[in-house]
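Asker: Start from the sequences, fold in the hints, and give me the full structure.
Residue numbers (the numbering used here): 637 to 787.
Quick caveat, the hints were computed from the structure, so don't treat them as lab data.
Errors might be hidden in some of the hints.
Beta-carbon label-pair distances, calculated as ranges [claimed, not checked]: (1) V710 <-> G668: 49 to 57 Å; (2) F678 <-> S773: 33 to 41 Å; (3) H654 <-> R777: 25 to 33 Å.
Glycine residues also receive a C-beta, built at the ideal position from the N, C-alpha and C atoms.
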Amino acid sequence: MSDASKPYLAIQVPMMPHHANGHPTLGMLPNGERFTLYSTIFGGVLLSYIDLAGAVTAQRELQLRGGNPKASFVTVAINKVEFRQPVLVGDVVRFETSVIRIGRTSMTIRIDVHAERGTEDIHVTEAEGTFVGVDLSTPERKPVPLFPEVT
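Answerer: Encoded structure:
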C-alpha cells in the first residue's frame with residue numbers, strides 16, 4: 637500500500653474580521669470614538685484549521701482505502717509551524733494536504749497553507765500532523781488498527 641497521496645484541498649476559508657487580532661487603540665472615528673481596527677489573522681485560528689485539515693484528510697484517506705470504519709482520528713502532534721507571511725482579513729486561505737506516512741494506528745499528514753490575496757498566492761506555512769485512529773464508542777479510546785492486519 638503506497639503512503640504518498642496526491643495533494644488534496646481539505647479546506648478553503650475566507651478570513652473574516654472575527655478571525656483577526658484586534659487593536660482597539662488604533663482606530664478612532666472623527667468624533668473621537670475608538671473602534672477596533674482589524675488587520676492580521678490570529679495565529680490560533682490558522683492552527684485550528686491546520687489541525688482540522690489534517691484530520692479531514694486522514695479520515696478521507698482511511699475511507700478511500702477501505703480502512704477500519706470504527707476509527708476516528710485524534711491529533712497527537714502538529715510539528716513546527718512558522719508563519720512566514722501574515723494572513724489578512726479578506727484573504728482566502730487554502731489548506732492543501734497530502735499523506736506522508738501510514739502506520740498501523742496513525743497517519744502523518746503534510747498541510748500546506750496558502751493565502752490568496754487578489755491575484756497573489758502567498759505560501760504562509762506548512763506543518764506535519766500526526767493523527768491516531770481511536771474507537772470513540774469505547775471509554776478507553778485506545779488506538780485501533782487502521783487496516784486489517786496482513787499476515
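Asker: Quick check: which numbered hints come out false for this structure?
Answerer: none
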